[in-house]
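Produce the complete structure using the sequences and hints provided.
So for the sequence shown, my numbering puts the first residue at -7; every next one is plus one.
Mixed in with the good hints there might be a few duds.
As the list claims (entries may be wrong) - Listed below are the simulated DSBU-like cross-link pairs for lysine-lysine, each with C-alpha atoms no more than 30 Å apart in a straight line: (1) K199 to K299; (2) K342 to K421; (3) K299 to K342; (4) K219 to K421; (5) K421 to K286; (6) K342 to K199; (7) K219 to K58.
To be verified - The following label-pair restraints were derived from C-beta to C-beta distances: (8) M140 to D41: 29 to 39 Å; (9) F376 to I32: 49 to 59 Å; (10) E85 to E6: 20 to 30 Å; (11) M140 to V48: 20 to 30 Å; (12) S397 to E150: 20 to 30 Å; (13) V201 to L36: 34 to 44 Å; (14) V93 to H67: 37 to 47 Å.
Hints are computed from structural coordinates only; laboratory data are not their basis.
Cβ atoms here follow ideal geometry from the backbone N, Cα and C, with glycine treated the same way.
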Amino acid sequence: MSTVSVEGLDGFVERVRRLGINHSEVAAELPLRLEYETIIDQELDPFSDQYFAQQVALYEEISRKKLNQEDGELHPVDITPLVGAPNPLGIVEVSHVSEHVRALAGMLSISHLGPNAKVLDMGAGHGLSSEVFAFSGCQVHAVDIDPMLSELSTKRSEARGLAITRSTLNFDDLGEISSDTYDAAFFFQSFHHCLRPWVLIAALKEKIVADGVIGFTGEPIQTQWWKHWGIRLDHESLFVARAHGWFESGWSHEFIRECFERNGLTLMFFSGGHGGGEIGIASSSQQRLDEIAKYAAMLGHHEVMPKGLEEVAPNRYLTQIGMAQQVHAVRTCEAHNGGYLCYGPYLRLKPGRYQVELTLTHDSEESSFVIFDLVTDSGTSEHFQERIDVPVGGAVRVQREFCISRETVDFEARIRVVGAGGWSCSLPKFRALS
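Structure, rendered in structure tokens:
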């Protein structure tokens, strides 16, 4: 882990601009730990003006800019070569673009809209999401703050005969958008630029029909830095905040769910989102959500992160070896001499089908392996066991499904190192599948 001060971000930004965000020299500095002066009191009400002001102060310390999204959220890009490109991003990396399209199509399909559905594309950017929606038969009204990208999307849609209307607007000013009109409002990698999501949700509720939906995917839902929400401190977010002034926030599942509930909408999460994440679908109509859940399951998208199982606190896990430490993407426990690397978190689980996921890494040349098991009743009832070998210097993502036939109050996921150390693991994440 490299430590960088706010003053040192300029050097990091210069290296990224010169080498590229994925260059090996940049990767060698990761993960970054930022040293900053702003005080963030996470015991404050996360919806309060005081907490919001603290997060804005942190943004301004990192970006060295006053918060002004009118000029701080723009994309410095030459649109001329993009007008005739195969896609508005101008990207020819098939796996990259196809994953965007897959996630967008997944969100659109499980929303189960009717013919010629009217859709708001919020934070539409270059217009890829708008083109996917319009190609699928939607009447699209796209909203974005960037006038150059609005021009790009307008030129492309006119040339291709796509039903896309574009408005250059900030999320905070949707006055010109008709009320009680749209069947859905969608976000793709854009919701996190909103300053106060609970306020935007209230505005969007007025724009959609009574049983309309609000959906999102590709959004940074995590609790790595903040219990509820806050400015993201990963290296890419730090780069774009300092280089361009972008406001990059992230939230916990529980917090963003409450943002919807405060406005009378219920939020459900489904599998199959962008990059292995979730698709969020919200509506004020429970009947509509029940229909969506049924249709999503038929398409292979299962409900995940139901209310009450959004996040498991790290202090619910224990270890008999090594220590727990905070790293770039996950909280890990490191093993040195064998023994239990991680066990817990003593969950209460109802009967049903679940998924558990974790990442294991191995950096010792000495022979060893791990035993991964799932147990209840103080370890006497075993539900799953597997030996896992990882090549030296390698990492493996473990994702397994399991069933519980009766309610339990002490469910444990255990990772035990057999042999030498050099192992680390992310804390297991649980998701209810049914």
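Review point. Okay, F376 versus I32 on CB: inside 49 to 59 Å?
Key: For I32 against F376, whose Cβ atoms are near 39 Å apart, the range 49 to 59 Å is violated.
Review point. Does the Cβ pair S397, E150 satisfy 20 to 30 Å?
Key: Because 59 Å falls outside the window, the suggested range is violated.
Exercise for review: Evaluate the given range 20 to 30 Å for the C-beta pair formed by E85 and E6.
Suggested key: holds, 25 Å
Review point. Does the hinted range 29 to 39 Å hold for M140 and D41 at CB?
Key: Because 33 Å falls inside the window, the suggested range holds.
Exercise for review: Mind checking the hinted window 20 to 30 Å against the Cβ distance between M140 and V48?
Suggested key: holds, 26 Å
Check your understanding: Given the proposed pairing of K342 with K421, does the C-alpha separation stay at or below 30 Å?
Key -> Between K342 and K421 the Cα gap is close to 16 Å, so the pair holds against 30 Å.
Review point. Is K421 within 30 Å of K286, Cα to Cα?
Key: Satisfied, since the Cα-Cα distance of roughly 24 Å is no more than 30 Å.
Check your understanding: Is K219 within 30 Å of K58, Cα to Cα?
Key -> Distance of about 25 Å is within 30 Å: holds.
Exercise for review: Below or equal to 30 Å on CA atoms is what counts here, so check K299 against K342.
Suggested key: Holds - the C-alpha atoms of K342 and K299 are around 13 Å apart, at most 30 Å.
Practice item. Please work out if K219 and K421 have their alpha carbons no farther apart than 30 Å. Key: Holds. K219 to K421 sits at ~16 Å (cutoff 30 Å).
Check your understanding: Given the proposed pairing of K342 with K199, does the C-alpha separation stay at or below 30 Å?
Key -> violated, 38 Å
Point to revise | Satisfaction of the hinted span 34 to 44 Å by the C-beta atoms belonging to V201 and L36 | key: Given range 34 to 44 Å: holds, Cβ gap about 36 Å.
Violated hints, in rising order: 6, 9, 12 and 14; the structure is consistent with all others.
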